[in-house]
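Protein chains in written order, with numbering that gives the first Met the number 0: chain A, 0 to 291; chain B, 0 to 441; chain C, 0 to 303.
Any given hint could turn out to be false.
Stated by the list, open to error - Straight-line Cα separation of at most 25 Å, SDA-like style, residue types lysine to any residue; simulated pairs: (1) A:237 to B:45; (2) C:227 to B:48; (3) C:75 to B:425; (4) C:227 to A:195; (5) A:78 to B:57; (6) A:79 to B:48; (7) C:290 to A:124; (8) B:400 to C:240; (9) B:429 to B:253; (10) C:104 to A:195; (11) B:249 to C:104; (12) B:400 to B:370; (13) A:78 to A:67; (14) B:295 to B:253; (15) C:290 to A:129; (16) B:116 to B:126; (17) A:237 to B:57; (18) A:79 to B:67; (19) C:5 to A:195; (20) B:295 to B:370; (21) B:400 to B:372; (22) C:104 to A:65; (23) C:227 to C:149; (24) C:75 to C:227.
No lab work stands behind these hints: they were computed from the structure.
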Amino acid sequence: MTVGTEQIVQTSADDEGRKLGTAETIVTYIVILAGAIGLMFPFAWMLSTSLKPLDEVYSYPIIWIPSQIVFENYIEVFKKVPFARYLWNSFVLSVLGIIGNMAGSSLAAFSFARLRYPGRSFFFIMMLSTMMVPVWVTMVPTFVMFSRLGWLDTYLPILLPAYFAVPFFTFLMRQFFLSVPVEIEDSARIDGCSSFGVFFRILMPLSVPALATVAIFSFFFYWNDLLGPLIYLRSQMKFPVAMGIASFQTEQYANFALMMAAATMAVAPMLVVFFFTQRLFIQGVVITGVKG
Amino acid sequence: MSKVSTRLNRRQFLTLAGAGAIATGLAACVPAAPAGDAGEAAMEDIQIQFVTNHGDAEQPFFQQVVDNFTDANPHIQVDLLNVSAEYYTKINTQGVGGDLPDIFYTRTWDVVPYASKEWTVNLQPLAERDNIDFDDFWEAELEQIVYQGDLYALPYDFSNLGVAYNIDIFNEEGIEVPDGSWDWDGLRSLAESLTIREDGRTTRWGWSAHPWPWVWIGIIAANGGALLNEDQTECVMNSPENIETLSFFKGLWSDGIIPEQGAMPQGVEGFSAGLLAMTTMGSWATQWRRGVIGDKFDWDVTAYPFGSEGRRAVSAGGGAWGIATNSNHIEETWQFNVHLTSTESTNILISEPVRSIPGRKSSVPAWTEAAAREDLPPRNVEVFAEMMEDAYSAPFPAYFKDLETIWFNRVAPLIAGGDPSLDVAESLAKFQDEVNELIASY
Amino acid sequence: MIALPKTPRARREALEGYIFLLPWLLGFLLFTAGPLLASFYLGFTSYRGDRSWPDWIGFANFTKLFQDELFWQSLKVTVIYAVGFLPPGMALGFGIALLMNQRVKGVSIFRTIYYLPSVITGVAVAVLWGFVFHKEFGILNSVLEWFGVTPISWLFNSRWVMVAFIIMGLWGVGDGMIIYLAGLQGIPTELYEAASIDGARRMRRFWNVTIPMMSPTLFFVLVTALIKTFQIFTTAYIMTRGGPNYATYFFSVNIYNTTFVSLRFGYASALAWLLFVLIFLLTLLLFRSAKFWVFYAGEKEEAA
Chain A
0 MTVGTEQIVQ TSADDEGRKL GTAETIVTYI VILAGAIGLM FPFAWMLSTS
50 LKPLDEVYSY PIIWIPSQIV FENYIEVFKK VPFARYLWNS FVLSVLGIIG
100 NMAGSSLAAF SFARLRYPGR SFFFIMMLST MMVPVWVTMV PTFVMFSRLG
150 WLDTYLPILL PAYFAVPFFT FLMRQFFLSV PVEIEDSARI DGCSSFGVFF
200 RILMPLSVPA LATVAIFSFF FYWNDLLGPL IYLRSQMKFP VAMGIASFQT
250 EQYANFALMM AAATMAVAPM LVVFFFTQRL FIQGVVITGV KG
Chain B
0 MSKVSTRLNR RQFLTLAGAG AIATGLAACV PAAPAGDAGE AAMEDIQIQF
50 VTNHGDAEQP FFQQVVDNFT DANPHIQVDL LNVSAEYYTK INTQGVGGDL
100 PDIFYTRTWD VVPYASKEWT VNLQPLAERD NIDFDDFWEA ELEQIVYQGD
150 LYALPYDFSN LGVAYNIDIF NEEGIEVPDG SWDWDGLRSL AESLTIREDG
200 RTTRWGWSAH PWPWVWIGII AANGGALLNE DQTECVMNSP ENIETLSFFK
250 GLWSDGIIPE QGAMPQGVEG FSAGLLAMTT MGSWATQWRR GVIGDKFDWD
300 VTAYPFGSEG RRAVSAGGGA WGIATNSNHI EETWQFNVHL TSTESTNILI
350 SEPVRSIPGR KSSVPAWTEA AAREDLPPRN VEVFAEMMED AYSAPFPAYF
400 KDLETIWFNR VAPLIAGGDP SLDVAESLAK FQDEVNELIA SY
Chain C
0 MIALPKTPRA RREALEGYIF LLPWLLGFLL FTAGPLLASF YLGFTSYRGD
50 RSWPDWIGFA NFTKLFQDEL FWQSLKVTVI YAVGFLPPGM ALGFGIALLM
100 NQRVKGVSIF RTIYYLPSVI TGVAVAVLWG FVFHKEFGIL NSVLEWFGVT
150 PISWLFNSRW VMVAFIIMGL WGVGDGMIIY LAGLQGIPTE LYEAASIDGA
200 RRMRRFWNVT IPMMSPTLFF VLVTALIKTF QIFTTAYIMT RGGPNYATYF
250 FSVNIYNTTF VSLRFGYASA LAWLLFVLIF LLTLLLFRSA KFWVFYAGEK
300 EEAA
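Excised from the complex, chain A in its bound form:
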C-alpha cells in the first residue's frame, strides 16, 4: 500500500475552532477569562509580595499594591545566597535532563509500540509497575546504592535515570507512537527502511508535539526538583534554585518577601519557555518528503 504525501500531511484539529460563531466566541472568551483571573491569583500575590517592604508582607487586608515598590528583595536574594549560581545549575540540570528524557523514553517507547518480540507485554507491565511503588520506601535503598557507587554530591544520581527511559515519558511516547497510522510505517518498510530508519525518519519527525511535551515536562521536573538535590548533594555551589527558595523558609518562620522574590525569579523562566515553545505542540506537524 502506498501512501501519498498529501495524505500524511497533518494539520491541527483546531481547524474546528475557526468555525466558531460570534456568540460562541464571546462565551468562550468569558469562560477563558474568568478561569484566567482565578489562576493568576497566586502569581499576582507572589509578585506583589516580592516587591514589598517586610512590614507590609503579613498585613491584613492584603496590600496588593505596595506603598512603595522595593526591588531590594531581589537584590537581597543574590546577596544572601549564590542565586545566580543556583539558576545556572538548574539550567544545566534541565538541559541535560531534557536530552536524556527525550532520547531514553522515545527509544524504549518505539520498542514497546511498534516492534514485536517475546516478552514485550511483560516488560511493559514491569515498567509501569515501577511507577506504582511509592518513592518513600525505595528512597533509602536508592540512596545507599548511589552512595556506595561514590556518586554522592554529583549530578549522576539525579540525571542518569533520565537517560534510561523514565516510565512516565516512555508510556507517553508509546501512546503517541501507537496512534501513528500503521500504513505510514508499512510504506516506509516497503521502501527498504529498517526499524532504525522508521524510528529516525518517520516517527521522530511526526512526534514533535509528543517530544515537546516530554521536553516541557522534564524541564519543569528538573527545574522544580527539590528531593533529588536535597538527598544527593552536599555542596551549596551545586544546588539548584528549588533549594535556594527553600533556604528562605525555616521551620519556625519564613521571610515571604525574599522567598517570593526568589520564587518569582524561578518561575519566570518556566513561563517564558512555555510561552515560546507551546507552538511546538499546538501547531500541527507537516510532514513532507515521505514518498509512497
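Given chain A, work out where chains B and C should sit, using these hints.
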C-alpha cells in the same frame, strides 16, 4: 575508592562483590560500620561535614564560627551545609544509609531516637575527659540530650513560649497591660475584653494558641494533669484534669476569643496585622517579629500564665548537635562541637543576633544586652530566660514524633478549632488508646 | 508460554525490539531493581533503621496490617478521593484543552496562564486556598451563603475536608492540558472534513472523531492519573498533615509517616507493597478495558 571500601564491613563487601549493583540496594539494611579512630592521623588534613537546619539569615553566623575554628585548626576543614526545607528527609535517609554528616543539627526530641538507633556517638566519656561544664546548660535541656544516663549531643539553643501583647490596643481600650502574674482565667477574661465582633464577624481576637504537643506537656502539667506516666510507659491523657484543661481551651475558640485555625487569613500574620491583641510568642521570634511589625505599633512580651497548681511549668525544646557514629574523625568533630557550643560561639550564633534562648546560661547576659541595644520592642526579652526557672523538665520519649502525629489528629482540633461537635473526653480517650498502642509497639 | 519468533524477519524485528528496549532494561537492572528488591525484602522484616541486620518476621507485617485501623482509614480516604477526583479531573482537564485548542485571539497567553498551576507551588498556592476556603471571608462560603448555607470550616472539619481536597486537586488539572493538546494535533484534519461532508453535527463529530482518535491519550492520562491519585501526598502533607481526625490521612501520608517519622522501614515497606498491588490490579483492569474503547491507528498485534 579507599573511602568507600573502609566503610564497608566484610559481609557488605561480599554482598557487593558477589551480587553486583543490584544487591547494593539490599545493603541498605547493613549500614556502614563506624570507623571512629582518627587520633593517629592528627596532622593530616581532615574534612568534617557539618549540616544544620537553619535559614539564610543564620548562614553568616555559622560561617563565622566555622572560620574561627579552622583558623585555629588549619589542618581541619569544616564543610558547612545549611539545609532548611525537608531537613529530616535528608537526615533520616542518611541515617539509615549509614552516611550521616560528621556533625549535624538535632532537635532535642530527636536525641533519644537517634541515640537508640546508634546513629549518634555517646559523648559522655569525651565530655568527662574534657571537663565540660554541665552546670552551664539548662537542666531541662540536659534532660533532653541524655540517653540512658549518657550525653549524646551538645546544646545550641533552648526555646519556650511567652505571650506577646499589642501595647497600643491596650492603651486604646484603657486596659492595663499584663505583668505576667496572671493565671489562665486571668488571660481569658483579659482576652475576652479585647475581642471585637462586628456584624457577626470577629475583627479582633484576644489571643491565639499553638497546638504543638511539646508546648502542651507543660500546660497540662501546670494544671495538675500529665501526658505520660512517670516512666513514660503509659499515656495518661484521659484524666479529669486534662478534660478540664482542654475544655477550657476549647471554650476559648468556641466562644470566639481566639481564632479557630483557618480563621486567620492565609499569608497574614495576625499579631503584626493588628488582628490579635495578644498572641503566643516563641522565644526564637524576637527579631522576626521586629521585622514584620516594624513601627506599626508598640508591643512587648510577658510570661505565660500560671496553671491551677500555682506554677507555670513552661515546657521547652531546643536544638543541639550530635556526632555521627559513621564519622571517620570523631575526635576532631568533637573538638569542633565543643567550639561550636562554647560561650563565645553561642554569643555569635544566638546572643548577638538575638535568637532563641542561648543553650548556655553564661551567654544569657550578652543575649539580654543585645536585645536591649537597639531600644526596640519587645523590651522584656529576658522573660523567656526567667521562665526557665520553673520549666517543665522531662526527657522526650523515643516515640515522641509518632505521638505528635496522633496529637495533631486527635488533640490539636480541640485546641485549634474547626469542628465544634468534637467531644473532649472522647477525643482524649481515642488519643490515649492510640498512644498506648504506639508505646506497646516500641 | 512465550513463543519464539519463527521467520527470519520476525527474528530480526525481535532483535531490534530488544536493542531499542535496552535503555530501559539497563536502567531497570542498574538503578531500579535493586532498591525495589531491597524494599520488598524489608517488608518481611521489623527493620527500624538501626545499626543491625533486619530481623526476618515473615508475614507478620502483613497480618498486622489488616488489624491496623490507620491502614483501613488511609485506604478508605484514598479510595474516596480517587473516586471523587478522577472523573471531574479528567473531564475538566480535557475541557480546558479543547478550550485552549480554539483559535481565539491571545490564546497563547491564556495557555500560559492556564499552565500556571503546574508551575507555581508552595506558599503562594496555600494563600490562594486561604482565600477560597476561609470560614469567614472565603469565596466559597460567600457563594454558599447566597443559598443560605452556614459557613463551613473547610480544611479543619473532618466532614468537609475531602471536598476541599477534591477542589484543590482540580486546580492542578492543567498539567494534563499539554498532553491533551499534543494528542489533539495527531488527529488528521481530513477526518473532520470527511465528517463535515457527512453533515455530522459538532457533537457527533466530537464523539465520532475526536474521542476515538484521542482515546490513546485519554487512556494514558487515565492510567497515570490513577497512579498519581493513589499516591496523593503533597497537599495533605502541607495543608493538613493528614488531619483533622485522620480525614486526609492518605495512603502515601501513612507510608511517609511510617518511613520518615516513625522510621519503621519494615512496616512501611509492607504498606507500600500492598499499595503497589492495589494500583497494579486497577491498572491491569484498565488495560483489559482498553481493548473495548482505545483505538490505535498504528496497532499491530499484541499491543495492550
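Right, here's what the structure says about each hint:
| no. | hint | verdict |
| --- | --- | --- |
| 1 | A:237 to B:45 | 22 Å, holds |
| 2 | C:227 to B:48 | 37 Å, violated |
| 3 | C:75 to B:425 | 22 Å, holds |
| 4 | C:227 to A:195 | 34 Å, violated |
| 5 | A:78 to B:57 | 13 Å, holds |
| 6 | A:79 to B:48 | 21 Å, holds |
| 7 | C:290 to A:124 | 16 Å, holds |
| 8 | B:400 to C:240 | 13 Å, holds |
| 9 | B:429 to B:253 | 21 Å, holds |
| 10 | C:104 to A:195 | 41 Å, violated |
| 11 | B:249 to C:104 | 55 Å, violated |
| 12 | B:400 to B:370 | 33 Å, violated |
| 13 | A:78 to A:67 | 21 Å, holds |
| 14 | B:295 to B:253 | 30 Å, violated |
| 15 | C:290 to A:129 | 23 Å, holds |
| 16 | B:116 to B:126 | 21 Å, holds |
| 17 | A:237 to B:57 | 20 Å, holds |
| 18 | A:79 to B:67 | 21 Å, holds |
| 19 | C:5 to A:195 | 22 Å, holds |
| 20 | B:295 to B:370 | 19 Å, holds |
| 21 | B:400 to B:372 | 38 Å, violated |
| 22 | C:104 to A:65 | 32 Å, violated |
| 23 | C:227 to C:149 | 34 Å, violated |
| 24 | C:75 to C:227 | 16 Å, holds |
Comparing the model with each earlier hint shows violations of hints 2, 4, 10, 11, 12, 14, 21, 22 and 23; every other hint is respected.
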